[in-house]
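J.: Put chain B on the given structure of chain A with help from the hints.
Listed in order, the protein sequences are those of chains A and B.
Positions 1 to 539 (the working numbering) are the ones given, in order, by the first sequence.
Positions 1 to 539 (the working numbering) are the ones given, in order, by the second sequence.
Hints may be right or wrong, so weigh each one.
Copies of the same chain look alike in the list, so a pair counts if it works inside one copy or between any two.
Under the rule of at most 30 Å between Cα atoms (straight-line distance), these lysine-lysine pairs were calculated in the DSS-like manner [as the list claims (entries may be wrong)]:
| # | residue 1 | residue 2 |
| --- | --- | --- |
| 1 | K299 | K320 |
| 2 | K380 | K176 |
| 3 | K380 | K61 |
| 4 | K350 | K299 |
| 5 | K521 | K262 |
| 6 | K405 | K139 |
| 7 | K530 | K405 |
These aren't lab readings, by the way, just hints derived from the structure by calculation.
No experiment lies behind these values; they were computed from the predicted model shown.
Given next are the chains, with one letter for each unit.
Protein chains: 2
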Amino acid sequence: MPAAYDELSQNSANYVPLSPVSFLDRTADIYPDREAVVYNERRYSWAEVRERCRRFASALKARGIGKNDTVSLLTFNTPEMFECHFAVPMAGAVINTINTRLDAATIAYIIDHGEAKLFIVDRELWPVLEDALSQCEGKPEIVIIDDPSAASKPDLSRGDFKFYEDLINDGDAEYKGEPLEDEWQALSLNYTSGTTGLPKGVVYHHRGSYLMSMGTVPSWGLTPHPRYLYTVPMFHCNGWGHAWTMTLMAGTIFCLRAFSPKAVFDMIEGHAITHFGGAPVVLNMLAGAPVSEQKSFAKPISVMTAGAPPPASVLEAMAKFNFDVMHVYGLTETYGHILQSAPQDDWAAKSIAEQAELKARQGVRFAMSESVDVLEASGKAVPHDGETMGEIVIRGNTVMKGYLKDKAATETAFVSGWFASGDLGVIYPDGYIQLKDRAKDIIISGGENISSVEVETALYKHPSVDLAAVVAMPDPKWGEVPCAFVELKGDVSEAELIEFCANNMARFKRPKRVIFGALPKTATGKIQKKELRERAAAL
Amino acid sequence: MPAAYDELSQNSANYVPLSPVSFLDRTADIYPDREAVVYNERRYSWAEVRERCRRFASALKARGIGKNDTVSLLTFNTPEMFECHFAVPMAGAVINTINTRLDAATIAYIIDHGEAKLFIVDRELWPVLEDALSQCEGKPEIVIIDDPSAASKPDLSRGDFKFYEDLINDGDAEYKGEPLEDEWQALSLNYTSGTTGLPKGVVYHHRGSYLMSMGTVPSWGLTPHPRYLYTVPMFHCNGWGHAWTMTLMAGTIFCLRAFSPKAVFDMIEGHAITHFGGAPVVLNMLAGAPVSEQKSFAKPISVMTAGAPPPASVLEAMAKFNFDVMHVYGLTETYGHILQSAPQDDWAAKSIAEQAELKARQGVRFAMSESVDVLEASGKAVPHDGETMGEIVIRGNTVMKGYLKDKAATETAFVSGWFASGDLGVIYPDGYIQLKDRAKDIIISGGENISSVEVETALYKHPSVDLAAVVAMPDPKWGEVPCAFVELKGDVSEAELIEFCANNMARFKRPKRVIFGALPKTATGKIQKKELRERAAAL
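In isolation and in its complexed conformation, chain A is listed as follows (with noise of 0.2 Å):
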């Protein structure tokens, strides 16, 4: 009986558009008292935080922004960076979180493209703001955010703005946020740092964040107040979508305005941290701390790590200080991590090595990641023997709504129901998927396909490498042939660390150089591949 069923309608008491921003009201009203974000002597409630996004919200209703508008952050880990995750959307705008180590060159691309109306930003990072402005069209209004614990005052005195904490002074505390019509609306705005070309404005929507965040849940086991160390920049990804997930919990949320391993240590042990996330390299640089620094922790801490897989020692390292790591996998693309190295019951009977093995896969999907998989060039899916390689898509509620004014770029990312990854990877007979490469990283040496990050896992196991890099080198005989980059934590030949990889694996994947030195580094701190393959070029 169709009709009996579908005549019963939507209406404003069974349907409400799902949006992440709602969390902050529940948590609020639930629990007004208790602490929410911490940040040095700076301590707010959750009814405090409310009231202060709903101040800024009503601030920027006040200067004519809304729906759709663009509201721009160049900014740090402070609470004025968390606040504006739901202080933006509340007016109804869409946050953009820019990184902080572009250029201004980049950042005036990005506010002209992005068309921003309004600008907040660190008063340390004005002069790179100064700078992008002078290369740019657009003309935002500008917000500075004031915080006594800068590293540097620089001078204010060629700019006309408003102060953040102004703005919060002058707004309406009773003021309710604009009422969300459609959840398909826009909410966030985070430009991929690619390595080539221009930067792509990936949109997110307020559906997908809420799901985000709700499928963190059961995936990362959290349960009630969770205490959180914002480690993850927030302007990756809304650092991870954390911003909403520990506010979902009604967790307290430690702001870190700037990364060192002590102070990780410190705060962890001096706020008793539950939870926090970091690529791989920051939790590297936590192992490589002087061991005065280090701390050891009675009870384990959750730490989500994403952006390439941790080494084997850097998860026995954690492992050390009762760091429970788990590794997830992700692109900007997909609202952060969608797939994750959920353990299984018989991994902790495994060696530590196992284990790292294990968890050093990129795994199985989020619960609300409806459907990942990988496909051959035909388009069928690979079989699942940990061999077959193929380009990881994804299909769910957490892949973006496309690229902000390309609609080239949107169209190739969608292919055939999914969104296209471009990386590469194998599926286990376990079902857990692990990533071989970045399509283009991909070597072809004498018609075999030679994945990078394999070579660079082989690389790895050696005690003296810190870093590692491999790509393609041109060879009159192969066509291409692995060559290796690496810094150093010890000592090693080139000779030495050649015939290691060669007995640690396939001996034709073998590097046939290895050079020693510093890497180059993209401004998110990835390795930049790109001038490592045009110096193999010019080898």
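T.: Just chain B now, with coordinates in the frame of chain A:
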């Protein structure tokens, strides 16, 4: 720039209709060999459960059952009942679970009203269904669950039907189910066991049940792999949605055909159960079980209770077993629980009696409940004073689509953007809601409102009272006065009990009469106040 953000549209990669059915695929993909469903000697892994669901769903499809067709069940909490929560919607159909204690005439009404196309019945319940079929117009195809552990094996010779297990055996293990095109599609049909009038058919949709499961996780603090004892009948709001929630969490579901305190204690011990649910009357049965059957546990067991506020004495008894009770509130119309007595940090330091009083309140909204308020007749929200009474109103995605084929009741239920619960409550200064009464259960005495629940609470404080119900009795002077009906577990006289109440509450609220004896109950175990009102009127 509205155009640029809005022109990024939905496609099959970035928009997937939400459905709790998706949890089964994800869990079976990730944990294929993990124990999923346990019932006596039967044990199924997640891969096996999925295969059985696919087979049964394909059998439904082969019988022409699809979108918006009703499949009814009259059965106990056996694996088949669990499987149908996935298999029926996989075929696109609507699952209609029916209270096993209903009489044949009511079942006949439900068959005709819900237009059941196929009816799945436990063999033990065949006689009542046979009777029902003789009273209704509909001729659904009949499928029998032939459980070897049934208490009785009625003769089946007069029927024309298939066996459930034969349909599984003949089904297609590769069937993937019908693609869901609209998350608003009907998923489930639950008839309210109204104490007056005909039952109403409450319709749930896929989006709502997905969000119900997702939101239960943060609010109940669920972590992966709960070991869940299914004490709550799956015919109540689809077992409070836990069939889907526990699948999302890759739990192990332990089926219980017939409740007894001994069975519950034995299963908790034998299977290391971590979670279960039950109405306070069920908890009361555990508290009142012979000491030889009771067990207490080293690790806390999480218990969700709903349907009535748990009396302090019950909460105290539960603490003795190490049962950590979460009191929740909801209605069939809200997919089950939408409020919870979420504990605050400072509750743990309070006395058991104080904790019991706090926990007995219905509380604050679940993560998926967008808004819950208490409104006075004027439509104004009540002050948070713990005294001013109003009607509890609810807004969110776990509010029903509406009542099937009952436009009038649906329109009455939705008022000014709210679902009107018909329950009366107050809000305390801390934002916690307490239910005071059903609108029709309030006693108006000399112009003063007396909450029957408040009088019952006073009665429950007397050690001799086992079960109490208070209704209005006509009174020439006051209009109405409270009349109590009580089941005793100790000795007390009517006069003593009235005096006890007078000393434990405002004197004018004391019952004027107390009648001792067994209380009349509905099929769901609710006390039939309608009948008590008639008795009181005849006194």
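J.: Taking the hints in turn, state whether each one holds.
T.: Right, here's what the structure says about each hint:
Taking identical chains as interchangeable, the C-alpha atoms of K299 and K320 lie at most 30 Å apart whether they share a chain (12 Å) or sit on different chains (28 Å). In this assembly of identical chains, K380 and K176 lie within 30 Å of each other by CA distance solely across copies; the values are 17 Å between and 50 Å within a copy. Taking the shortest alpha-carbon separations for K380 and K61, only the inter-copy value of 27 Å comes in at or below 30 Å, while the best intra-copy value is 50 Å. Proximity of K350 and K299 under a CA criterion of 30 Å is satisfied in both settings, with 21 Å inside one chain copy and 26 Å between copies.
Taking CA atoms no more than 30 Å apart as the test, K521 paired with K262 passes inside one copy only; the shortest distance there is 23 Å, against 65 Å between copies. Taking identical chains as interchangeable, the C-alpha atoms of K405 and K139 lie at most 30 Å apart only when both belong to the same chain, with a minimum of 20 Å there against 58 Å between chains. When the C-alpha separation of K530 and K405 is checked against a cutoff of 30 Å, the pair qualifies only within one copy, where the shortest distance is 26 Å, while the shortest distance between copies is 64 Å.
Checked against the numbered hints given earlier, this structure breaks none of them.
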